[in-house]
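Participant: One-letter residues, chain by chain:
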Amino acid sequence: MDITVNILLTIATAATPLLIAAIGELLVERSGVLNLGVEGMMIMGAVGGFGASYLTGSPWIGLLAAIAMGAVFSLLFAVMTLSLATNQVATGLSLTLLGLGLSGMMGTSFVGQPGERLPNLDIPGLTSIPVVGRLLFGQDPIFYISIALTAAVMWFLFKTRTGLTLRSIGDSHTSAHALGIQVIRYRYLAVIFGGACAGLAGGHLSLVYTPQWVENMTAGRGWIALALVVFASWRPWRVLAGAYIFGAVWIGQLHAQAFGIPVPSQFLSSLPYLATVVVLVLISRNKRLTMMNTPASLGQPFVPDR
Amino acid sequence: MMRLELVKRPQRSALFSALSPFIAFALTIIAGAVMFALLGVNPLTAFRIYFIEPISQVWQLHELAIKAAPLILIAVGLSVCYKANIWNIGAEGQFILGGIVGSIIPVLFPQFEGPLVLPLMLLLGMLGGAAYAAIPALLKTRFGTNEILTSLMLVYVAQLFLDWLVRGPWRDPQGHGFPQTIQFNDSAVLPELMPDAGRANWGFVFALVAAVLVWILMSRMLKGFEVRVLGSSPRAGRFAGFGLNRMVFFAFLLSGALAGLAGISEVSGAIGQLQPVISPGYGFTAIIVAFLGRLNPLGIVAAGLVLALTYLGGEAVQSALGISDKVARVFQGMLLFFVLGCDTLIHYRIRLIGLALTKPEGAAKLEAAPKLKEAR
Chain C
1129 MDITVNILLT
1139 IATAATPLLI
1149 AAIGELLVER
1159 SGVLNLGVEG
1169 MMIMGAVGGF
1179 GASYLTGSPW
1189 IGLLAAIAMG
1199 AVFSLLFAVM
1209 TLSLATNQVA
1219 TGLSLTLLGL
1229 GLSGMMGTSF
1239 VGQPGERLPN
1249 LDIPGLTSIP
1259 VVGRLLFGQD
1269 PIFYISIALT
1279 AAVMWFLFKT
1289 RTGLTLRSIG
1299 DSHTSAHALG
1309 IQVIRYRYLA
1319 VIFGGACAGL
1329 AGGHLSLVYT
1339 PQWVENMTAG
1349 RGWIALALVV
1359 FASWRPWRVL
1369 AGAYIFGAVW
1379 IGQLHAQAFG
1389 IPVPSQFLSS
1399 LPYLATVVVL
1409 VLISRNKRLT
1419 MMNTPASLGQ
1429 PFVPDR
Chain H
60 MMRLELVKRP
70 QRSALFSALS
80 PFIAFALTII
90 AGAVMFALLG
100 VNPLTAFRIY
110 FIEPISQVWQ
120 LHELAIKAAP
130 LILIAVGLSV
140 CYKANIWNIG
150 AEGQFILGGI
160 VGSIIPVLFP
170 QFEGPLVLPL
180 MLLLGMLGGA
190 AYAAIPALLK
200 TRFGTNEILT
210 SLMLVYVAQL
220 FLDWLVRGPW
230 RDPQGHGFPQ
240 TIQFNDSAVL
250 PELMPDAGRA
260 NWGFVFALVA
270 AVLVWILMSR
280 MLKGFEVRVL
290 GSSPRAGRFA
300 GFGLNRMVFF
310 AFLLSGALAG
320 LAGISEVSGA
330 IGQLQPVISP
340 GYGFTAIIVA
350 FLGRLNPLGI
360 VAAGLVLALT
370 YLGGEAVQSA
380 LGISDKVARV
390 FQGMLLFFVL
400 GCDTLIHYRI
410 RLIGLALTKP
420 EGAAKLEAAP
430 KLKEAR
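Quick note, the sequences are listed as chains C and H, same order.
Sequential numbering from 1129 applies to the first sequence in the numbering used here.
Sequential numbering from 60 applies to the second sequence in the numbering used here.
For the record, the hints were derived by calculation from the structure and aren't laboratory data.
Quick caveat, the model's predicted, so the values are computed rather than measured.
Hints are all accurate, no fakes.
With the Cβ distance kept under 8 Å, some of the chain H side facing chain C (calculated, not the full set):
1. I148
2. T204
3. L208
4. M212
5. D222
6. G227
7. F343
8. V389
9. M393
10. L395
Backbone N, C-alpha and C fix where the C-beta goes; we use that ideal spot for every residue, glycine too.
Model the full assembly from the supplied sequences, consistent with the hints where possible.
Facilitator: So, in structure tokens, the structure goes:
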């Protein structure tokens, strides 16, 4: 029983950064913007979070720094694609390339330094309940944020007027603009929200998952988060399911390596990436599902005419 | 508070089309100066070490050519993809597969020598890269799967596969446990161009030839026209009878083959054996090269040399000033940002205007009216 609980806990820890980054990107894409810079914003969050925590001694300040770092970094993308109407694919790519370089440079002095882990929740009486206690009341704080975020984004998109407006912008920015909606302003806020989420996801990696700084420690998770949004056909609860499936794949291959299964470790390590490809193929085979849910103006630049 | 406003130009500006890479480079230099100052280094000293010292002697120019060759080869292929609005961002993986497949002969048949070895290796390298690029092309044409994500995921798979090969079945038994293959025999090593002057090898010639051939293809042949039409207006392309699916395969196979050629040239020329890591991110940096070169093969040659210099400069400041060589990555990223930003100037004029809150509604509207006329 204990082993099952432990495995479930590690799956949750592996799924949390994927979930947070993907839920942020989902909102961004719902507004019609494709930000391929998730990996870059995530790694900036990771280095910012670790750095702040290391310098101040408080992982909580690290957490805030990670969020701020992701948000500020995404602003760069917002200015380029929204104010200057640059190609979103190319700009997102350059955000990722810049983030990987910048984080490497900023983190040079953090390599090999011990970090402090964000403490797990511990409520006397509740956390010690057998089995469910640790699952429900004994995880790291970001886990709870990730669940709350998913619920909040779901509620915002489908139950509020602002959410409806945001979705309408994603489906047709020209119509929304003609109705007097401030398309660019909404998109700025969406992109910054996505950046903050990606930063938080990166912070989870360097403050909870492996509390230290390693170059390129995101290891493609930002790209997997992007794939999750497609996989989820832009629905928050499906992102939640997808993130946990991928978390399970990630943990599964690590356990398989530890058990000494006679398959080279490199093959096991490539499973999450291959799984992403397979999942993308399966979902895109269903043309109707993707066509119906893809925000219609996704990735197209918008210049308001007046 | 100020706000940016874009005003569409009646036609694309030829002036800014030519100038924008230079403006971008100048902005990168300014941003770089700020960065060096923040790191506590005199920007002028840093720039001398970064941009001038690495190319002040002949042998260093050869090093520049070694770094530029893969960048140009890959970027030339990518430019065709991006012109056709097809997003192959997995060139790094195709580079690695080219290196692996091309190395089959020298690693598995080391006793096979002679003048046939190299051409066969290069051919295999191109086939390897093209075959790996065919996967995202097939998935896109068959199932409509997004090629950005699939081509990128395959990079990680290729890196892990290479790692397994050089630590497992292909490891040199006499290599003292180092994760690397045997040294290639002499007939499997790409010859140097001028062995007396420096290390530059035939890879650089391949890059120049590829650039010229693709330039002819794109500007003088029907296929190039097809690429441009399908890229800018797929609907018009369909009416003209150009097949989008065939184009996806053409672009991926061409860019994959060139990336594969770059991979095997690097392995057989600059390295001489397979190692766990054979590329300092050439496949990704080449994306920057392609855009800085304005997706024009001849511009890409110049851009490739510039980006190669950022690698050499990064190594130079690391050894001279103790700054992380990641500074090269930062320069490359900034350069791409500024290039993309400056490209906006080709299609738009940029106006700075005060936020509408500070003036009455009517004034803003009056101001907008003459602008409309200008736009027409």
